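Enquirer: Chains Z and E, in that order, are what the protein sequence lines are. Quick note: the first sequence uses our numbering, first residue 1, plus one each step. Quick note: the second sequence uses our numbering, first residue 1, plus one each step.
These aren't lab readings, by the way, just hints derived from the structure by calculation. Warning: the hint list may mix true and false statements.
Unchecked claim - What follows is a set of in silico ranges between Cβ atoms, one per label pair, in the way DEER data are often shown:
hint: 1; chain 1: E; residue 1: 135; chain 2: Z; residue 2: 19; range: 29 to 37 Å
hint: 2; chain 1: E; residue 1: 4; chain 2: Z; residue 2: 186; range: 40 to 48 Å
hint: 3; chain 1: Z; residue 1: 184; chain 2: E; residue 2: 163; range: 38 to 46 Å
hint: 4; chain 1: Z; residue 1: 6; chain 2: E; residue 2: 155; range: 52 to 60 Å
hint: 5; chain 1: E; residue 1: 155; chain 2: Z; residue 2: 130; range: 56 to 64 Å
hint: 6; chain 1: E; residue 1: 147; chain 2: Z; residue 2: 184; range: 40 to 48 Å
hint: 7; chain 1: Z; residue 1: 204; chain 2: E; residue 2: 195; range: 42 to 50 Å
hint: 8; chain 1: Z; residue 1: 202; chain 2: E; residue 2: 4; range: 16 to 24 Å
hint: 9; chain 1: Z; residue 1: 202; chain 2: E; residue 2: 77; range: 48 to 56 Å
Said to hold, decoys possible - Covered, in the sense of this in silico footprint (three residues per stretch, anywhere, with C-beta under 8 Å from a C-beta of chain Z), are these stretches of chain E:
hint: 10; stretch: 4 to 15
hint: 11; stretch: 103 to 109
Quick caveat, the model's predicted, so the values are computed rather than measured. C-beta: ideal position from N, C-alpha, C; glycine also.
2 protein chains.
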Amino acid sequence: MRDCPRLFISPTGTPPMAVDGMLDLEPGQAHYLGTVMRQQAGAAVEVFNARDGAWQGVIDHLRRDRCRVRLVEQTRAPASTQGLCLLFAPLKRDATETVIRMGTELGVVRFRPVVTERTNTHRINAARLESIAIEAAEQCERLDVPTIDPLEALPMMLSQWPDDTALFAALERSPQHAMPPAPRIGDSVLIGPEGGFSPREHDMLRARPFVRPLSLGPRVLRADTAAAAALALVGAGLEAVCGTGL
Amino acid sequence: MRDCPRLFISPTGTPPMAVDGMLDLEPGQAHYLGTVMRQQAGAAVEVFNARDGAWQGVIDHLRRDRCRVRLVEQTRAPASTQGLCLLFAPLKRDATETVIRMGTELGVVRFRPVVTERTNTHRINAARLESIAIEAAEQCERLDVPTIDPLEALPMMLSQWPDDTALFAALERSPQHAMPPAPRIGDSVLIGPEGGFSPREHDMLRARPFVRPLSLGPRVLRADTAAAAALALVGAGLEAVCGTGL
Numbered sequence: 001m002r003d004c005p006r007l008f009i010s011p012t013g014t015p016p017m018a019v020d021g022m023l024d025l026e027p028g029q030a031h032y033l034g035t036v037m038r039q040q041a042g043a044a045v046e047v048f049n050a051r052d053g054a055w056q057g058v059i060d061h062l063r064r065d066r067c068r069v070r071l072v073e074q075t076r077a078p079a080s081t082q083g084l085c086l087l088f089a090p091l092k093r094d095a096t097e098t099v100i101r102m103g104t105e106l107g108v109v110r111f112r113p114v115v116t117e118r119t120n121t122h123r124i125n126a127a128r129l130e131s132i133a134i135e136a137a138e139q140c141e142r143l144d145v146p147t148i149d150p151l152e153a154l155p156m157m158l159s160q161w162p163d164d165t166a167l168f169a170a171l172e173r174s175p176q177h178a179m180p181p182a183p184r185i186g187d188s189v190l191i192g193p194e195g196g197f198s199p200r201e202h203d204m205l206r207a208r209p210f211v212r213p214l215s216l217g218p219r220v221l222r223a224d225t226a227a228a229a230a231l232a233l234v235g236a237g238l239e240a241v242c243g244t245g246l
Numbered sequence: 001m002r003d004c005p006r007l008f009i010s011p012t013g014t015p016p017m018a019v020d021g022m023l024d025l026e027p028g029q030a031h032y033l034g035t036v037m038r039q040q041a042g043a044a045v046e047v048f049n050a051r052d053g054a055w056q057g058v059i060d061h062l063r064r065d066r067c068r069v070r071l072v073e074q075t076r077a078p079a080s081t082q083g084l085c086l087l088f089a090p091l092k093r094d095a096t097e098t099v100i101r102m103g104t105e106l107g108v109v110r111f112r113p114v115v116t117e118r119t120n121t122h123r124i125n126a127a128r129l130e131s132i133a134i135e136a137a138e139q140c141e142r143l144d145v146p147t148i149d150p151l152e153a154l155p156m157m158l159s160q161w162p163d164d165t166a167l168f169a170a171l172e173r174s175p176q177h178a179m180p181p182a183p184r185i186g187d188s189v190l191i192g193p194e195g196g197f198s199p200r201e202h203d204m205l206r207a208r209p210f211v212r213p214l215s216l217g218p219r220v221l222r223a224d225t226a227a228a229a230a231l232a233l234v235g236a237g238l239e240a241v242c243g244t245g246l
C-alpha cells in the first residue's frame with residue numbers, strides 16, 4: 001500500500017529537481033490531488049521521472065487546477081527501465097488500453113503500434129494512450145514512462161529492422177510453448193491482431209533471420225492476454241540472462 | 001479466424017452427442033446466433049464440452065430464443081484442460097472479470113476466490129463470472145469450462161491445504177524473478193488483493209511448507225496483470241515438466 005500519491009513529472013521544460021526546489025504541477029495533477037485525493041497544503045507527494053529519480057515533496061499550495069510542490073529529498077536515484085519493445089496491432093479501444101497498461105507494468109520501454117493485414121483499427125489516440133502509460137508508471141513505481149510510436153506498416157518496419165536485434169513473434173500455437181531463447185535488452189516482442197497474422201505475413205515473418213517464433217501454448221489467446229503472457233515469459237528470460245529486471 | 005460460431009453446451013441434463021442427434025440450445029445462445037451473428041437455418045456451428053468433445057453442427061431451425069442444431073460429426077475428441085487452480089482476492093468488477101477471462105485463456109481449471117485482510121469486495125457475482133468463463137472458453141477453443149468456487153477465507157483454505165500440492169504465491173518483488181520450480185498439474189497460483197497481503201498474511205504464507213514464493217519482477221503489478229504473468233510463467237514451467245499444455 002502506498003502512503004502518498006505518486007506523480008510523473010515530464011522532464012521536458014522542467015528544471016532539474018533539487019532540495020527545496022519548487023515544482024508547479026500540471027492542471028490535471030492539481031485537480032487529481034485536490035478533488036480526487038482530497039489532499040491539502042502540507043500533504044506529502046512523491047514526484048518522479050527517469051532524469052531526476054524519485055523525490056519526496058510537500059504540497060506548498062493547492063488551489064483548483066494549480067499546485068506547487070516543495071521538493072524535500074531524493075528517495076530514489078535516476079534510472080531507466082531496461083526493457084523490451086512491444087510491437088502490437090491496434091485493437092478495440094479497451095483491449096489496446098489493456099495492452100498499454102499491462103505492458104507498462106511489465107516493463108515495456110517502447111510501444112510500436114503496427115498495421116497488419118487484419119488490423120481493423122487504423123487510428124490510435126496517442127494522447128489517451130500516453131496518459132494510460134503515465135498512470136500505469138505511477139502505479140507500478142517505475143521512474144520512466146514508455147514511449148508510444150506513431151503507427152507503422154509491418155512490412156516497412158521489418159524491412160528496416162536492425163539485424164542484431166531479435167523480434168520474438170507470437171506466431172505459433174503448440175501444446176509445448178518453449179521458453180524464449182536468451183532475449184537481450186532492446187529486443188522486441190510482436191503480437192498480432194485479433195484475427196491473427198495472415199498467411200502472407202506468417203511467411204514474411206518466418207523468412208526473416210531476426211524473427212524468433214514464440215508459442216504461448218495450445219489455446220487461442222486474445223491479443224491483450226497474449227501480450228501480457230509473452231512479456232512475462234520474455235521478461236523472465238531477459239532477467240535470467242542479464243540479471244536485470246525487465 | 002474462426003469460420004463458425006462456437007458454443008459451449010453444458011453436459012448436465014444434455015444427452016451424449018451423436019451423429020444426427022438434435023440439440024436444443026439455450027435461449028441466450030439462440031438469441032446470439034440469430035440476432036447478434038445473423039445466422040439462419042443451414043448455417044454451421046461448432047458445439048463442445050469436455051464430455052462430448054467438439055462437434056460440427058448445422059442449424060436445423062432458429063426462431064427468436066429457440067434454436068435446434070443437428071449434429072453432423074465429431075471434430076475433436078473429449079478432453080479436459082490439464083491445468084492449474086487460481087486463488088485470487090476479488091477485485092473491482094472489471095479487474096475480476098479480466099482475471100476470469102485471461103485465466104480461462106491461460107488454462108485455469110478452477111478459480112478459487114479468497115477473502116484476504118485487504119479484500120474490499122466480499123461478494124462475487126457467480127453467474128456473471130461463469131458467463132465470462134464460458135465466453136472465454138468458446139473463444140480460446142478449449143473444450144472445458146473452468147469452475148468458479150464460492151468465496152472462502154484465506155486462513156481456512158490454508159488450514160485445509162493438501163500437503164502434496166504446491167501453492168505458488170506472488171509474494172515478492174525482486175529485480176530477479178526466478179522461474180517457478182517444477183510445478184505439477186493440480187498445483188495452485190495465489191494472487192493477492194490490490195493492496196497486497198498484510199504482514200500477518202505474509203508470515204502465515206511463508207510459514208506453510210507448500211507455499212512457493214514467486215516474484216513477478218521489480219515493479220508493483222496490478223492484480224489482473226499479476227495473475228496473467230504468474231499463470232504464463234507457472235504454465236510454461238508446467239509444460240516444461242509434463243510436456244502438456246496448461
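Enquirer: Confirm or reject each hint.
Expert: Results of checking the hints against the structure:
no.	hint	result
1	135/E x 19/Z: 29 to 37 Å	violated, 54 Å
2	4/E x 186/Z: 40 to 48 Å	holds, 42 Å
3	184/Z x 163/E: 38 to 46 Å	holds, 41 Å
4	6/Z x 155/E: 52 to 60 Å	violated, 32 Å
5	155/E x 130/Z: 56 to 64 Å	violated, 43 Å
6	147/E x 184/Z: 40 to 48 Å	holds, 41 Å
7	204/Z x 195/E: 42 to 50 Å	holds, 46 Å
8	202/Z x 4/E: 16 to 24 Å	holds, 22 Å
9	202/Z x 77/E: 48 to 56 Å	violated, 27 Å
10	4 to 15	violated (count 0)
11	103 to 109	holds (count 3)
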